[in-house]
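K.L.:
Here's the letter readout for the chains.
There are 4 protein chains.
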Amino acid sequence: MTTVAVVGASGYVGGELLRLLFRHPKVRVTAVTSEQSAGKPVQSLFPNLVGPELVCEALDPDRIAARAGTIFLALPHTKSAGPAQRFLKAGRKVIDLSADFRLKNAQAYETWYQTTHPCPDLLPIAVYGLPELHRDAIRSATLVATPGCYPTAAVLSLAPLHQHQLLGDPVIIDAKSGISGAGRTPALSYHFPEANESIQAYKLGDHRHLPEIEQELGVTVTFTPHLVPMTRGILSTAYVRLRQARTTAQLTALYRDFYKNEPFVRVLDPGHSPNPLHTRGANLCEVSAFADPRTGMATLMAALDNLVKGAAGQAIQAFNLMQGWDETLGLQDSGLYP
Amino acid sequence: MTTVAVVGASGYVGGELLRLLFRHPKVRVTAVTSEQSAGKPVQSLFPNLVGPELVCEALDPDRIAARAGTIFLALPHTKSAGPAQRFLKAGRKVIDLSADFRLKNAQAYETWYQTTHPCPDLLPIAVYGLPELHRDAIRSATLVATPGCYPTAAVLSLAPLHQHQLLGDPVIIDAKSGISGAGRTPALSYHFPEANESIQAYKLGDHRHLPEIEQELGVTVTFTPHLVPMTRGILSTAYVRLRQARTTAQLTALYRDFYKNEPFVRVLDPGHSPNPLHTRGANLCEVSAFADPRTGMATLMAALDNLVKGAAGQAIQAFNLMQGWDETLGLQDSGLYP
Amino acid sequence: MTTVAVVGASGYVGGELLRLLFRHPKVRVTAVTSEQSAGKPVQSLFPNLVGPELVCEALDPDRIAARAGTIFLALPHTKSAGPAQRFLKAGRKVIDLSADFRLKNAQAYETWYQTTHPCPDLLPIAVYGLPELHRDAIRSATLVATPGCYPTAAVLSLAPLHQHQLLGDPVIIDAKSGISGAGRTPALSYHFPEANESIQAYKLGDHRHLPEIEQELGVTVTFTPHLVPMTRGILSTAYVRLRQARTTAQLTALYRDFYKNEPFVRVLDPGHSPNPLHTRGANLCEVSAFADPRTGMATLMAALDNLVKGAAGQAIQAFNLMQGWDETLGLQDSGLYP
Amino acid sequence: MTTVAVVGASGYVGGELLRLLFRHPKVRVTAVTSEQSAGKPVQSLFPNLVGPELVCEALDPDRIAARAGTIFLALPHTKSAGPAQRFLKAGRKVIDLSADFRLKNAQAYETWYQTTHPCPDLLPIAVYGLPELHRDAIRSATLVATPGCYPTAAVLSLAPLHQHQLLGDPVIIDAKSGISGAGRTPALSYHFPEANESIQAYKLGDHRHLPEIEQELGVTVTFTPHLVPMTRGILSTAYVRLRQARTTAQLTALYRDFYKNEPFVRVLDPGHSPNPLHTRGANLCEVSAFADPRTGMATLMAALDNLVKGAAGQAIQAFNLMQGWDETLGLQDSGLYP
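Chains as they are written, first to last, in the working numbering: chain C, 1 to 338; chain V, 1 to 338; chain U, 1 to 338; chain E, 1 to 338.
No wet-lab data here; the hints were simulated from the structure.
As the list makes no split between identical chains, a pair holds if one copy fits it or if it spans any two.
Calculated lysine-lysine pairs in the DSS-like style (CA-CA distance at most 25 Å, straight line): (1) K26 / K93; (2) K260 / K40; (3) K40 / K203.
Generate the whole structure from the sequences, applying the supplied hints.
P.N.:
Here it is as structure tokens:
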């Protein structure tokens with residue numbers, strides 16, 4: 001069994017990592033940290049967890065490194081870079097689920113996160129952990145930056161067009177997320193009576209996932225996230241002017257070809273639309289393509305579970321690659337429906 | 001008291017008409033029809049209704065016309081035109097909430113509804129019942145076609161740009177609706193376990209509300225509706241390339257000016273986003289404008305209650321105008337929050 | 001117009017008072033207080049509100065008393081008694097929506113609220129504001145204690161049995177509430193992802209609404225509240241051993257007779273069950289009675305909107321009585337459905 | 001690999017059986033039937049399913065028996081008994097998820113299901129498939145009747161009291177179920193806008209799960225099921241007069257002892273309440289006990305996922321026993337949270 005630690009386990013991403021790692025056939029979780037819940041069993045934080053009765057401890061990188069070969073960091077951005085550096089120096093592999101190593105450009109980080117990057121020297125070795133685009137680099141990485149939930153959906157919905165140089169102008173991404181995407185800290189906007197029967201856009205033109213999307217697609221993007229009254233799930237609806245005309249059938253064929261060997265991307269038949277309900281709990285992204293002959297615009301959609309393919313599942317997919325294992329290990333179970 | 005009838009009262013729009021008409025200070029509802037519920041009291045269909053204990057009857061236009069001066073038709077499309085004609089011949093005013101008289105062009109109706117228009121001769125006298133655009137025509141109309149719920153939101157979010165000839169290409173409307181917008185007839189897609197924790201686009205490039213939007217805005221539109229797990233509410237998020245550059249402040253000022261005398265449109269301050277939760281049960285449309293300096297695109301949003309400003313409330317607003325009354329009569333109460 | 005003030009307007013009960021008072025034909029709201037939102041317009045707290053643009057002020061009883069004849073207190077328990085005393089001394093009428101004056105017994109207050117009662121001398125003049133049981137006393141009261149939301153449902157479901165001395169032992173009340181009943185302050189239990197797809201009992205045998213129920217019914221009660229994933233609404237399901245056998249028909253007749261003149265209680269036909277969905281936004285309580293011939297137990301149910309008949313609406317009903325007006329003034333509109 | 005068939009796979013229980021069987025390490029699903037979906041791949045019915053691409057066929061017992069050693073029947077009641085008989089004659093083991101073999105008494109079946117039992121001769125060999133009560137009988141059974149979802153929760157919450165002869169009178173079970181418990185066939189009550197923001201009791205004193213509960217507990221029970229706006233989950237809240245006084249600590253100890261070797265029952269600490277949110281997707285039942293010193297009544301609660309421990313998971317638990325395997329095979333993964 002390979003040993004791993006989960007650092008920052010009290011949020012939803014930390015809990016989802018534990019759920020998935022507990023059922024991974026080759027993994028033993030040997031340490032779990034949480035500053036605010038130090039001393040508490042993880043089952044008291046996540047009543048769903050069936051598995052080893054681990055107790056949260058405060059983060060002491062040396063003590064953690066002594067017990068685990070790979071470290072999953074589920075810390076807030078700016079808090080992740082320091083521990084990552086410590087773990088790497090100790091010879092451990094690091095899979096960071098924060099935003100600290102997603103942007104290749106330290107200046108862009110400073111612009112969007114309004115703070116100097118804590119460890120810019122690590123940026124060159126960090127690999128953006130989207131296996132569908134960077135599989136080989138992930139295999140040999142020691143530091144992987146797991147993509148944000150919105151970027152995973154948006155980039156997977158548009159990557160085939162990017163590869164074929166079909167992305168014209170504009171590229172518009174209208175994304176809808178369940179409330180778990182906002183984290184586990186209560187606030188008025190996420191208070192049940194205010195989030196229920198509600199749908200609202202936020203951070204227009206200003207969301208921190210935007211530069212990630214532009215980095216991966218190489219184009220300027222208009223990105224508008226919305227919160228919808230669901231617990232889990234993201235639907236990304238992108239509108240693109242194609243550089244050359246394509247029919248829905250042609251686009252679908254192009255997407256099918258691009259994703260033909262991908263275990264976790266499902267390209268839907270024309271006339272079908274992705275729905276995060278189809279992916280709950282699963283490391284799966286549904287994708288569809290539609291070309292509107294009336295308007296000349298293409299509509300590209302992707303749906304996924306923000307906590308799985310949008311976070312913890314994708315991190316484990318990268319981890320499997322880094323270990324040289326079958327990429328799907330521990331990630332093949334069906335989601336929950338309904 | 002002015003007498004009115006509600007024809008086709010068993011659906012959600014019919015029920016909402018009764019709720020609002022029952023509290024209208026100058027109206028008496030004298031007849032209610034429903035083929036499937038003939039003989040049943042309206043309170044058995046809508047347990048919320050407090051008011052006269054009316055009993056549904058089968059539709060007999062002559063008998064209805066004898067009792068009511070204005071007829072609200074809440075029938076399915078293609079079923080409305082015939083009765084409308086009968087009521088008009090009998091000298092009654094008709095407010096039609098179906099799609100039968102929304103499109104000015106009979107050929108467009110045939111294309112989108114895949115049937116010959118039942119009464120094309122009435123199209124020239126029908127007025128599109130959006131008071132913010134057609135107030136004067138509504139005042140003198142005898143036949144008003146109440147706009148669809150999506151078009152109300154989409155058109156109100158873009159009308160100021162249309163008036164100022166700022167609508168460039170593309171114009172993209174990504175709309176999200178609660179499930180009541182799909183009507184009261186059960187189907188698998190609206191079955192609670194399939195609609196809950198779900199969000200899905202439908203009828204891409206093919207929704208019947210699209211030609212209405214294009215008719216009112218005079219441009220080609222990409223329109224994608226989505227169903228979200230709410231009971232009521234629509235949020236329309238439109239993305240537009242402006243023909244001339246504008247800042248958010250300029251756009252907001254332009255919207256404020258356009259809607260300065262409108263009792264039922266609320267233009268939000270920059271940085272605030274419309275939310276149908278703010279409008280539940282009220283004849284109100286929240287609107288906002290945002291110009292993205294990075295991309296040169298504008299994002300225009302509108303939120304409303306699909307059954308009120310998107311249907312029954314708007315119909316009564318038109319009715320007030322047709323009667324020469326204060327447009328806000330019976331429509332001024334606050335919505336429900338939360 | 002009669003002048004009123006709403007003290008403590010930033011919570012859901014305060015907002016609902018404003019919604020209902022704004023549409024009351026004989027009332028003008030002249031002052032609104034909120035410590036945390038002093039200086040803010042009420043519309044910034046409650047975006048649904050259509051009406052006068054009032055600005056919250058900090059609570060200064062003398063300044064408020066100078067402007068309002070009746071004061072609605074929507075403050076937390078223990079915070080209400082002091083201001084109530086000040087307003088009464090100034091000759092104002094007080095309708096308190098906190099728990100401070102609901103229990104007639106200061107010792108019981110101390111037991112259940114674990115603090116000495118702030119103004120025990122006022123308890124003898126306070127009237128429990130359930131019009132269906134205490135209408136005459138309310139009419140002449142200067143201090144009314146509006147019942148809790150659970151007690152309103154539970155007591156209305158059982159009062160006819162109490163009057164007829166049919167309440168045997170045990171009396172069990174299993175109540176289910178929407179999340180707005182827990183107030184507007186965010187907490188993990190009310191965080192959307194934790195409250196959605198969830199149902200849980202809380203405060204078994206220990207909820208502070210229990211002594212109110214026992215006070216009004218004169219019997220010992222087992223009371224278990226549950227939170228369910230709805231925004232508004234309470235359903236109370238009571239199980240009672242009757243002291244004498246009765247059929248469902250007999251019980252229904254007895255309930256019909258008891259409530260025959262009540263404008264806001266609707267006794268359902270046998271075979272129908274109350275549902276808070278039927279009462280949203282309305283000052284209405286649905287009640288039903290069922291006698292199980294197999295077990296000899298009776299099941300008595302009540303449904304209402306916790307913020308209306310369970311709080312703000314009931315307070316206005318009492319206010320109408322205190323003013324000598326028609327009890328239904330401003331409270332007769334239909335609720336929202338669906 | 002052991003071969004199994006799922007007969008009647010188009011409903012939620014059928015889909016959940018496939019989800020769980022697909023991840024069972026010793027099982028191969030060799031046949032799937034559905035009359036209405038014959039010819040369709042199961043993934044078209046359940047878009048979550050990752051696994052073999054099986055195609056639904058019409059039910060031909062001989063063809064199915066030729067391919068599968070154990071048959072899971074997820075058919076409507078009265079439709080199950082006939083095929084069960086055919087499969088048993090062919091020497092196959094049958095796990096029936098309908099109600100046809102749950103009641104030991106053919107007369108009771110006739111009373112509650114209002115039809116003559118199709119195969120009363122099989123009743124003596126049918127075993128009620130609740131492993132916590134009938135483990136040994138299940139091990140050697142050829143025909144297992146999987147309990148209903150409500151009975152599983154209710155019986156597990158009360159079985160320790162039954163064993164210790166502490167169940168006095170009355171025994172009241174107030175149960176709350178998510179909408180998936182009502183099945184996959186759309187109807188107005190389950191239409192999203194009518195089921196959302198709604199809670200309602202149904203079939204008072206008349207629900208078909210009642211005789212099962214009484215059969216297993218040996219006492220007369222008052223049972224009231226409610227539908228709440230959740231997709232999955234049941235919470236059962238039982239109120240019992242104990243035959244001898246017990247404290248909460250004593251009851252909890254008694255429950256802990258009764259369930260000490262049970263892999264799928266979790267007895268909560270005093271002060272904690274079961275919540276189906278903790279069990280979503282998992283074969284798990286949370287149980288708690290509380291004795292109210294004020295009233296002398298005990299409150300016993302159980303929460304589970306109606307489609308897993310309340311149906312498909314429990315069936316597989318019984319199947320593992322019938323095969324002589326570890327009872328937890330394929331059933332040990334954590335549920336989904338949130």
